Each structure stands twice: as structure tokens, then as C-alpha cells.
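A.B. asks: These two chains come separately, so use the hints to put the complex back together.
Here is what each chain is made of, one letter per residue.
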Amino acid sequence: NAGVTQTPKFRVLKTGQSMTLLCAQDMNHEYMYWYRQDPGMGLRLIHYSVGEGTTAKGEVPDGYNVSRLKKQNFLLGLESAAPSQTSVYFCASSPPGTVNYGYTFGSGTRLTVV
Amino acid sequence: AQKVTQAQTEISVVEKEDVTLDCVYETRDTTYYLFWYKQPPSGELVFLIRRNSFDEQNEISGRYSWNFQKSTSSFNFTITASQVVDSAVYFCALSASGGYNKLIFGAGTRLAVHP
Chain G
14 NAGVTQTPKF
24 RVLKTGQSMT
34 LLCAQDMNHE
44 YMYWYRQDPG
54 MGLRLIHYSV
64 GEGTTAKGEV
74 PDGYNVSRLK
84 KQNFLLGLES
94 AAPSQTSVYF
104 CASSPPGTVN
114 YGYTFGSGTR
124 LTVV
Chain L
145 AQKVTQAQTE
155 ISVVEKEDVT
165 LDCVYETRDT
175 TYYLFWYKQP
185 PSGELVFLIR
195 RNSFDEQNEI
205 SGRYSWNFQK
215 STSSFNFTIT
225 ASQVVDSAVY
235 FCALSASGGY
245 NKLIFGAGTR
255 LAVHP
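Protein chains in written order, with the numbering used here: chain G, 14 to 127; chain L, 145 to 259.
Bound-form chain L, shown alone (with noise of 0.2 angstroms):
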């Protein structure tokens, strides 16, 4: 079974604060993507970052960055000096091979930055 667990539900931090939001998937596939959503309070899903299950490399770009770590199975999001227009539910998805594209969520995590 495939499965995708956010476990912080919600998340509060002050401005310029760094944050982590937490992803941990479960997949018996070797080949496998995984994504980042972002659904400011408009309600539209934001495209953030796609990663196959092939590349490690951890990426940057400007304040957001993510970790893939295959041996633990997760793909964390970071937020640096996060600002009050970062507030938003944030998604974590996982597409296995051979499934015709099939997104599994997890259950998102909503942030909240505060001035």
C-alpha cells in the first residue's frame, strides 16, 4: 500500500522564523515521485517541487529547500525566514510508477506565520 503521513497538523511560527514541514511516505516501488503543493487561502494548489525517486540531490530555491531521504523514507520541506505570505496549507504527494500518475496526499499542514 502507498501511503503519505504528514504528522504536523498545524504549525504556528513568529516571522523570520525557520520551519520543517515533515513528509513520510510508504511505497514498495522503486520508481516513484514525490511533490510539494502549497494552497494559499484563495484555495488553489500551487505547484512547489517534483522529485523522482532516482535523484537525492537536495534542492534549493531562494527560502525553500527539501531533503529526500530514501533511507528514511522522507521528504521534508524547510522554510527560511518564513513570512506572513508563506501561510498556507502545504501538501505532500506521492506518485508511483505504473499507477497512471495517481497522486496520493498526505493530510497537509497548515502554517501560519505571524508579523
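In isolation and in its complexed conformation, chain G is listed as follows (with noise of 0.2 angstroms):
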């Protein structure tokens, strides 16, 4: 089914160690986004990328990195994880233009650091 994967979708972390959040889509997507959700707070945007070798910084920024090596794929990376980093991260796509035709949510990943 055409879509967004993320892997993994459940991951605990040690304090300092690192990991990578891979999100794939197979819709030709232009657009890519990292979104985490904390209770209380929505949805908050950590990265996006409007096109293969392209990444901007979102709202929450600090503490991650993103890679757009192919435009299927958008990894996540946390160099040193932190307990703050305890959150469910959620992947998307959509294609770009004027008109906001709307998006593709992975089914998230949830992620904790102890």
C-alpha cells in the first residue's frame, strides 16, 4: 500500500546513546516533515525538507539532525539522546505547490530515553 513507514515504531534509549528514525515514502513526495507530539503540546515541527539534499529547521530544532540523501527517504537522527527526547515522533509527506492538497502521516514512532 502506497504510504509512510517509519522505522521503528517502538525504541528505548539509554541517556547519551544515538539513534536513527527512518521515515520512507512511495507517493513521490517533494515535501518531507519530522513532527514529535508531547502530551499537552500538539504536534510541534522538528525538520522539514522541501526536496532531495534540501533540510530547514523547524520549531524544535536542538538535539536532532535530518538527512535527505534520496527524496524517498527523510532520516531523524539524535546524536545523543536525552530524556527532553521522550516524545512519539510522526513522519509526513506531501507534495508541493500553492495549493495544500493535504499530507501523509506515518503511524509514528515512540521513543523512550531513561
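Calculated directly from the structure, the hints in this document are not laboratory data.
There could be a bad hint or two in this list.
With the Cβ distance kept under 10 angstroms, some of the chain G side facing chain L (calculated, not the full set) [to be verified]:
hint : residue
1    : Leu26
2    : Tyr46
3    : Tyr48
4    : Met54
5    : Gly71
6    : Pro74
7    : Asp75
8    : Tyr77
9    : Thr99
10   : Pro108
11   : Asn113
12   : Gly121
In this text the structure is predicted, and so the values were computed from the model without any measurement.
No residue lacks a Cβ here, since even glycine has one placed at the ideal position from N, Cα and C.
C.D. replies: Rendered as C-alpha cells:
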């Protein structure tokens, strides 16, 4: 089925460990996004990409890095995990243009940092 | 600055009651899009509706209806005859034109429908 696939779905990290979350989409969308969801705060944009090889900071980028080496993949990295990064992470993609046709979201990654 | 406010943190109703979820947004753009998403206990985000700023018609889809009022910058969501399956967190979101379709979410409203 076409869509956005996030891996892994669950992960527990120790403080200071590193990891990479993978987001893959097969809809040929130009735009991709990483959000984090925390209780009472909705979803907040971490980083986004408007095309292969491009990335930009969102609202809460500190402590994260991203890469978009291939159009279909958008990677989110945590170099040194902190308990404050315990969250649910969602990836999304959308086609480009002045008309916003909407988004496709992944199913989320639940990350716990202990 | 752009902002979405969902002032209701939690709402609790009994089945068959009608319930309205409020959403107030702020943007200086004349072209923008508003969305509602449902997040059931399973955690995924379910798209409910998309509305652009030039279309102020209210919309009804089954038990769901949306009231878009530009004059008050509101995009409220009403569930008629609520059911237990409506229990979820509901998010209102805004995307302004020219912003690479970045979505700005409200904090969400948790709806609990009791039998």
C-alpha cells in the first residue's frame, strides 16, 4: 500500500545513546516533515525538507539532525539522546505547490529515553 | 505569527450527546488551509477535513459537521449524537501558503464519550 512508513515503531534508549529514525514514502512527494508529539502540546515541527538534498529547521530542532539523500527517505537522528526527547515522532509527506492537497502521515515511533 | 488554539483540553460526554470542539487560529496570510485530525487510542492520525480560506461553506459528513467563520478566525467541529467510537484526541491545524505546507497544530482536545 502506498504511504509513509516509519521504522522502528518503538524504541527505548539510554541517555547519551544515538539512533536514527527512518521515514520512507512511495508517493513521490517533494515535501517531508518530522514532528514530535508531547502531551498537551500537540505536534511540533522538528525539521522539514522541500526536496532531495535539502533540509530546514522547524520549531524545535535542537538535539536533532536530519538528512534527505534520496527523495523517498527522510532520516531523523539523535546524536546523544536525552530524557527530554522521550516523545512520539511522526513523519509526514506532501506534494509541493501553492495548493495544499494535504498530508500523508506515518504511524509514529514511540521513543523512550531512560 | 501563526497559531492554533484549542482551549478545551478535555471534554467528557455521554453517548448520543452532541459535542462541539472549538478551534481558533491566527494568521496574517490571506490564503491558508485548515485541517482537523482524529487520533484514536491506537495512535495514528486520521484525516477528517481540509478547508481553504476561500471556502467558507460549512460542511457536513454524516454525524460530523464543521463551521468555518473567517470573521472570528474559528473552525469548529461538531459531532452529533456522539458514540463511544468517537473517543479520541482531536487536533485542529493550520497551514499558510508559501510556507512549504508546514502544519501548525493546536494542543488537541481529548474527547471521552461514555456509554
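A.B. asks: Now tell me if each hint is right for this structure.
C.D. replies: Hint check:
{"no.": "1", "hint": "Leu26", "in the structure": "violated (19 angstroms)"}
{"no.": "2", "hint": "Tyr46", "in the structure": "holds (7 angstroms)"}
{"no.": "3", "hint": "Tyr48", "in the structure": "holds (8 angstroms)"}
{"no.": "4", "hint": "Met54", "in the structure": "holds (6 angstroms)"}
{"no.": "5", "hint": "Gly71", "in the structure": "holds (7 angstroms)"}
{"no.": "6", "hint": "Pro74", "in the structure": "violated (13 angstroms)"}
{"no.": "7", "hint": "Asp75", "in the structure": "violated (18 angstroms)"}
{"no.": "8", "hint": "Tyr77", "in the structure": "violated (16 angstroms)"}
{"no.": "9", "hint": "Thr99", "in the structure": "violated (15 angstroms)"}
{"no.": "10", "hint": "Pro108", "in the structure": "holds (8 angstroms)"}
{"no.": "11", "hint": "Asn113", "in the structure": "holds (4 angstroms)"}
{"no.": "12", "hint": "Gly121", "in the structure": "holds (5 angstroms)"}
In terms of the numbered hints stated before, the structure departs from hints 1, 6, 7, 8, 9, listed from lowest to highest.
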